[in-house]
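There are 2 protein chains.
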Amino acid sequence: MGESTYRNVEGNRPRIVILGSGNVATHLALALDKFTDVIQVWSRTPSNSQALVSQLLRASVADNLENIRRDADFYIIAVSDDAVTDIGRHLRDVSGVVVHTSGSVGMGDLKMAVNSDRCGVFYPLQTFSKGRQVDITKVPILIEGCNENTEKRLRELASVISEKVFIVDSGLRSRLHLAAVFANNFTNYIWLLADKYLKENTDYNLEILSPLLQETLAKALEMSPEAAQTGPARRGDTVIVAKHLSNLDPESAKVYKLLSESILNKFHKN
Amino acid sequence: MGESTYRNVEGNRPRIVILGSGNVATHLALALDKFTDVIQVWSRTPSNSQALVSQLLRASVADNLENIRRDADFYIIAVSDDAVTDIGRHLRDVSGVVVHTSGSVGMGDLKMAVNSDRCGVFYPLQTFSKGRQVDITKVPILIEGCNENTEKRLRELASVISEKVFIVDSGLRSRLHLAAVFANNFTNYIWLLADKYLKENTDYNLEILSPLLQETLAKALEMSPEAAQTGPARRGDTVIVAKHLSNLDPESAKVYKLLSESILNKFHKN
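Protein chains in written order, with this note's numbering: chain A, 11 to 280; chain B, 11 to 280.
These aren't lab readings, by the way, just hints derived from the structure by calculation.
Just so you know, not all the hints are guaranteed correct.
Pairs involving identical chains hold if they fit within one copy or between any two copies, as the list cannot separate such chains.
Only pairs whose alpha carbons sit at most 25 Å apart, straight line, appear in this in silico BS3-like list of lysine-lysine [to be verified]:
(1) K206 / K276
(2) K206 / K279
(3) K162 / K44
(4) K209 / K148
(5) K264 / K276
(6) K279 / K209
Here chain A stands alone, though its shape is the one from the complex (with noise of 0.2 Å):
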C-alpha cells in the first residue's frame, strides 16, 4: 500500500475518471485521490459530480459523456447495476482500463458494452453512507479483469487503498455478494423489529442493547456463529419461545416464529 508502490507504464500516478457520485463512487474517489490523480467525475446529476470534485485535489467535472477525457489509466463506473452497461458503451474508445462497481453485474456484460479487453471489476465489499469515514484499507476488494494484464494492473491499484484484494471472477464475486447481501440486510431488519419493540413497549430503544449486540457480532467472528448461537431455540426450550411469540406484535412474531423453527431444526433435529 502507499504512494509509492504504484505507478502507470509512463511512470507517472495513475490516472482515474470516477463515473458516478454515490456513495460509492465518493468513498473510492475520496481513497484514491490520496495515491492517484483522480482527473475528472461524471454524474448523471452535474451538482452531485461538483459536489464531490469540490472534495477532490486535482479533478474536474465531465459535463456529459462526450467530454470524458480518453487518456486516463482507469474508469471507475460506480453507478446503479442497470446503468453500468449504458455508461460503458460510451467508453469504447478510451485507451485504459474500464471497470465496474457492482457486486452482481457480470463483468461479460461490460465487456460487450465496452467491446474490450481492457475491462474488469473493482467491488468494495461494504456498505457506504454518505457523512460515514470508513477504513477503506480493511475493505476486501474483490477484482476481476478480461485478461491477465488487466487484472494486474487492477490487482495494483486496488492494492495502493486496500490490504485486502482478492482476485474473484464473476460468480463467485456474486456469491459472496449474496451472502453479503443476506448477512447485512437481515440484520439491520431484525435490529428494526427490536428497535419498533423496544419503542413501542419501554422507555428504551436500541441503544440500551448496544453493548450486548457489538459482543454478539465479535463473539460470531471468533467462535463462529454456530458455536456462539444462544437463546431459547438453540436450547430447545419450546415453552420460552411460545411466551415470547405471545408477547409481540403479528409480524415481529412471524419472524420470531420462522427464525425459531429453523433453529430448533438445525439443532435438535432428532
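Given the coordinates of chain A, assemble chain B onto it according to the supplied hints.
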C-alpha cells in the same frame, strides 16, 4: 464508580457471596472482586466453584448451601432460571440482600422463596462467554429492589462496576430481555446461515464479511436501523429477490423469503 464510592453500613467494603459458577457468575465475581470483598462462592459443581475462587483475591468455597456465610451484605444467585427459587429458599436467614441475575425471572418469585424484603434483581444486559473479556463498565445493569432501601443498596453496588445502572421493574425487565434475545439470537443465526452458504459455495467464510458486518452494526446504532436499511427488498426489487431465492438452499431460502416479504411489507405497503 470505583472503590471509594461504596461502603456497607459498618463502613467496610461490602461482602459478597456468589451462588453459581457459570459465565454470569464468573464475570460478575471478577468485576466485583476489585471493589468489594467477594468472600465465598458456592456451585452445584464443586470443581467449578474451586476454579472461580482461584481467580479471586479473598474468596473461599462453600461446599454446600448450609455452609454459606450468613453475614454477607449481598448474595448473588447467578444460576439457570429454573434453579433460582430453589437456592433462594436456602437463604431465608441471611442478613444481606439476596438477588438473582436473570432477565426473565420475576422479583416476586425470589421474594416468596427468600420470604423477605431484602430481595432484588441484578441483571447485566450482556452475553458472557468463557475466556472472553467484556468491559463491564459499559454493560447496562438493570436493578430492582423489594423496597427503597434495598433498591438504594443495589444501585450503589451496581454503580461500583458499571457506568450504566437502570432501575427497572420485573415487567419492563422481561420486555428488555425479550428484545435482547430477539436482537441477539436471530442476528447470530442470520450470520450462521451466511457462514454456511459461504463455506458451501465459495472458499471463504464469514470472516470476509467482517468489515461489512461491523459497519452495518455501527450504522444501525448511529442512524437507526430504519434509516440504515438497504438491499433488494428495501428497494422493492423483486427481480433480484427471486434471483437470490433460486440460489439458496431450502432452509436459507425460507428465511430470505420471509424476511424479504416482511421488509417489502414494511417499506412498500401500497
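Verification of the supplied hints:
1. K206 / K276: between (28 Å within a copy, 12 Å between copies)
2. K206 / K279: between (32 Å within a copy, 17 Å between copies)
3. K162 / K44: within (21 Å within a copy, 56 Å between copies)
4. K209 / K148: Intra 35 Å, inter 21 Å, cutoff 25 Å: inter-copy only.
5. K264 / K276: Result: close both inside a copy and across copies, 18 Å intra and 13 Å inter.
6. K279 / K209: For K279 and K209, only the inter-copy Cα distance (21 Å) is at most 25 Å; the intra-copy one is 36 Å.
In the structure shown, no violation is registered for any of the earlier numbered hints.
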